[in-house]
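Protein chains in written order, with the working numbering: chain A, 1 to 381; chain B, 382 to 726.
If you are wondering where the hints come from, they were derived from the structure by calculation, not from laboratory data.
All C-beta atoms in this analysis are idealised placements derived from N, C-alpha and C, irrespective of residue type, glycine included.
Careful, some of the hints might be misleading.
Unchecked claim - What follows is a list of derived Cβ distance ranges for each label pair:
| # | chain 1 | residue 1 | chain 2 | residue 2 | range |
| --- | --- | --- | --- | --- | --- |
| 1 | B | Leu485 | A | Gly254 | 32 to 38 angstroms |
| 2 | B | Met625 | A | Ala292 | 51 to 57 angstroms |
| 3 | B | Phe568 | A | Gly254 | 22 to 28 angstroms |
| 4 | B | Ser530 | A | Asp102 | 38 to 44 angstroms |
What the hints assert, rightly or not - A short, non-exhaustive set of chain A residues, derived as facing chain B with CB atoms under 7 angstroms:
| # | residue |
| --- | --- |
| 5 | Ser37 |
| 6 | Ile40 |
| 7 | Asn163 |
| 8 | Ala194 |
| 9 | Thr196 |
| 10 | Ser197 |
| 11 | Gln201 |
| 12 | Leu203 |
| 13 | Met224 |
| 14 | Asp248 |
The lines below spell out each chain.
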Amino acid sequence: MKLNKLVVAAAAAFGALGVQADITVGVTLSATGPAASLGIPEKNTIALLPSTMGGEKVNYIVLDDASDTTTAVKNVRKLISENKVDVIIGSTITPNSLAMIDVVAEAETPTISMAASARIVDPANPKTKWVFKTPQHDQHMATAIAAHMAGGGVKTVAFIGFNDAYGEGWYQEFTKYADTYKLKVVANERYGRADTSVTGQVLKIMAAKPDAVLIAGSGTPAAMPQVTLRERGYEGRFYQTHGVANNDFLRVGGKNVEGTYLPAGPMLVAAQLPDSNPIKKPSLVYISKYEAAYGKGSVATFGGHAWDAGLLLQNAVPAALKKAQPGTREFRAALRDSLEATKDLVGVHGVFNMSPADHLGFDQRARVMVRIDKGAWKLDK
Amino acid sequence: MDLQIALLLGQDGITNGAIYALLSLALVLVFTVTRVIFIPQGEFVAFGALTLASFQAGKTPGTLWLLIGAGVAVALVDITLALRSGVFRRIPGIVGWNLAYPALASAIVFLLKPSEFPLLAQIVLALALVVPLGPMLYRLAFQPLAEASVLVLLIVAVAVHLALVGLGLLFFGAEGSRTPAFSDASFDLGLVNVNGQTLWVVGASLLLIVVLGVFFERTIYGKALRATAMNRTGARLMGISTVMAGKLSFLLAALIGAFSGILIAPITTIYYDTGFLIGLKGFVGAIVGGLASYPIAAAGAILVGLLEAFSSFWASAFKEVIVFTLIIPVLVWRSLTTRHVEEDE
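Only chain A is shown next, with the shape it has when bound in the complex (with noise of 0.2 angstroms):
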């Protein structure tokens, strides 16, 4: 917190001077409480954001806003009227994200999002004008793992969650696409993430006999409904969400978590990718300055959303400045036509094509599916 205070002492002295040309970056993450091990590595990849955009200075100030709503919502008032920030970057869950909408649309502050709903940019609501997100939609995701559980003969699935807006989103997604695969959900199970243990939950999945269980949980505590159905003997196939794809996950799993299956961004396995894939020379640069940095083997796909956020806004600065000054209600405008109009721009996790309806952009390159063999996650083709 102290470095956030140095930052935010230095960008009002910056600020005191009349630097005013300078690009102000708001950041509001989830570096504390239970989305920690996502916000982390967010926080860890501003860092590595470049400090100029277009010749222009560019100042971020970076906020925690400890998993919680009440606060992100504070930080994003806070970062709009005192340091008067161009564009924010935030927040990195789902409740959060959807909450600093009203706030940001009223201020008429572009913000990107690094949290998955499609809620956060739905077209439908005039207020998300203003708002953009990296992260592949839900729904991406979920028909990756239908697709892919229709295509490997699986007929009934069981599912188990967290307990939260993370493990009834995805219930809902994969609902909705499971009939069009002609899957047939057999169980319906929440856990907490910190539980003890989930061996009522796991005795209930084993006697509906499912073909595959579907874990929807983020980080390791997803681990805990495989080891505990590996160590009761169940033998079909496990299927993760994208949650899980840091390297802590295939730690604290070990052997149980061999041979699942799960969606993920093509980062994860950007060695593995074909060299025609455009997508693997963007991540690979990411992955090595952020292993330069923080240590080898600690990159996770999490922070991929805050490079990828990096990346459109050195796509959209130029154009924007050319129209207006930094700092002015002109230059927000044209910031977020100029985000809006951001066409093939290659990033960590896709290729992003916004427009009006559109405001993530991604496409069939954003997600591959992965298969976890001898600890390592490998490309599934």
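Following the hints, put chain B in place on chain A, whose structure we already have.
The following block gives chain B in isolation, referenced to the frame of chain A:
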């Protein structure tokens, strides 16, 4: 639901219930002796388990820095007080416990390689790092307020809890850890398979409860704690130091917490913030015992464990709701059956 599922759930419930029982005992102990509702109890569970996991991963656990930091803080406060009041003979003891001991612990951690120790030595070392934090916390946060109201002490306890959770995130990161099982043995009892770790948890909990019972009944320190719990002023008039009693109760609470963490770390993944929820369930057990009775608190905690196991089978989405709703009928029943005596103010 058939018999086999019921037995498996029962086994699961008793395993977790045993841990909750230990924590509920620690909560009752701390409350009766110091009137502190010890919210940070759960943090010791997480710290114990994660310190052990750090040793096994070959890392230096952050709790070592906490021990050194807390030791220096306590030493500064106590030495200043000793100098001011001119009681110089106390200084060697203060330096020994708060500076030399952490220094010795860090020497062991840095010079020898704890990752190559046998499991038992790792456990002892983890306990040696975490348990002294209990009395140090008492000295820093609670001893200056020993005469304050229960509410003030509760607020301080919440503050200590939040500080420790934050430090836990800093020390151990957001992701969890698991430790290897004490034994891989499993026993086939006809319908169900009982694994070795479950027996370890239940056995060690029972043993600890018996040891605590003997401690309270037979030893002079145990009797001093009981006397302080019954009547602080009276105990003081009999020459029992309430400061000593407070530190001792926190030491025991930290020991029970850290040991519970080490017991369950092979069964489940422990996160920096796991402890809070485990501690809260122990608290439900302690409430059943009216924060006063050890046997009823332990039974209440086992009930919480069983309720949790069976509700996770029938209605997993409402598991926590069911467990914590248990407090309401218990409170109603207690308020109807016991005559309430206002102790404070």
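A quick look at each hint next to the structure:
no., hint, in the structure
1, Leu485(B) with Gly254(A): 32 to 38 angstroms, "34 angstroms, holds"
2, Met625(B) with Ala292(A): 51 to 57 angstroms, "53 angstroms, holds"
3, Phe568(B) with Gly254(A): 22 to 28 angstroms, "24 angstroms, holds"
4, Ser530(B) with Asp102(A): 38 to 44 angstroms, "42 angstroms, holds"
5, Ser37, "4 angstroms, holds"
6, Ile40, "6 angstroms, holds"
7, Asn163, "6 angstroms, holds"
8, Ala194, "5 angstroms, holds"
9, Thr196, "4 angstroms, holds"
10, Ser197, "5 angstroms, holds"
11, Gln201, "5 angstroms, holds"
12, Leu203, "5 angstroms, holds"
13, Met224, "6 angstroms, holds"
14, Asp248, "4 angstroms, holds"
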